[in-house]
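Asks: Chain by chain, the residues run as shown.
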Amino acid sequence: MADDFACETIDPGDPTGAKAKAIFPGDYTTRLFKYSPVDYWNLIAAKHVLEHTERIFFGVRELNEGGWCYTGRPIEWYIKEGVVASFPDNMVFAVYLNPNMRVYECRAEYVADDDPHCPNDWQTRYRGLTWKSTS
Amino acid sequence: MEKHFLADMTEGTPTFKSEPWYNPYGDCITYKMADEAVVADRVDEWLTVYNSAVDNRPIGFQMKGVHAIITKFGVDGLAVSWKSNAQGVKSISVATLLLAAYEQGPRTMSRRKAYAGAMCPSDKTIPADDLQAA
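Residue numbers (my numbering), protein chains in the order written: chain W, 3 to 137; chain U, 2 to 135.
Hint data in this document are derived by calculation from the structure and do not stem from the laboratory.
A virtual CB, placed ideally from N, CA and C, is assigned to each residue, including glycine.
Be aware that one or more of the hints could be misleading.
Said to hold, decoys possible - From chain U, some residues computed to sit far from chain W (all C-beta separations above 12 Å): (1) Thr97; (2) Tyr103; (3) Thr126.
Stated by the list, open to error - Part of the chain U face toward chain W, derived, beta carbon under 10 Å: (4) Thr11; (5) Ser19; (6) Glu37; (7) Val39; (8) Glu104.
Put together the whole structure using the sequences plus the hints.
Replies: Put into structure tokens, the structure is as follows:
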């Protein structure tokens, strides 16, 4: 099994302070590498989003306390084996982390009507917006 | 193809596997039928349908709040779908978990369609011992 991989990202508890570490758990990335290769390759897009975040949401689950959703827009992503495509304008790439900052889900979502950096229905599915980029 | 940032940490030959698995970091069960990127279509707080980024057909789902479902129904409450082997290892049907999740929300046409779509390819089981959240 691969070791955990840490990458620096905005600390959702203190967005203007020091960076936090987001962890890609080794057993999670190994599972994707072995059995879900396209998802494994899209971890590159996930890392990009964690390093170039546009929005951070808190309270991502109704039934599990805590957790974060980081969104952003990679330039490219893998849509099937060996096929790289431009990331669509009508989507954002969402990276979900649990309260321990472990990455557990990375995927595209359609954008909201009111903000092209937010997933649709963000107002009702999350408890709130923690941080937004100013650029 | 660019070098993956985890390339030095992984080895072996990848082979896509269409099988539900429990992700302890997200307390969720993930199932994909095709090795394609997904676009999420959130149905409710328990179910998200995965549509293919290639042609938008449904290719899987994510079931969330697995422990909340098990806590509510109890493992015994899901016993109808248990399988047990000679070593006493028990498995829980993914379809039964989905059905239990469906019962938690309003009985709308859109939910019914989404859950039915997820249940069709879900005649699978997950070892009960795997369902330990991280």
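Asks: Each hint should be assessed against the structure and marked as holding or not.
Replies: Results of checking the hints against the structure:
{"no.": "1", "hint": "Thr97", "in the structure": "holds (18 Å)"}
{"no.": "2", "hint": "Tyr103", "in the structure": "holds (14 Å)"}
{"no.": "3", "hint": "Thr126", "in the structure": "holds (17 Å)"}
{"no.": "4", "hint": "Thr11", "in the structure": "holds (5 Å)"}
{"no.": "5", "hint": "Ser19", "in the structure": "holds (9 Å)"}
{"no.": "6", "hint": "Glu37", "in the structure": "holds (5 Å)"}
{"no.": "7", "hint": "Val39", "in the structure": "holds (5 Å)"}
{"no.": "8", "hint": "Glu104", "in the structure": "violated (14 Å)"}
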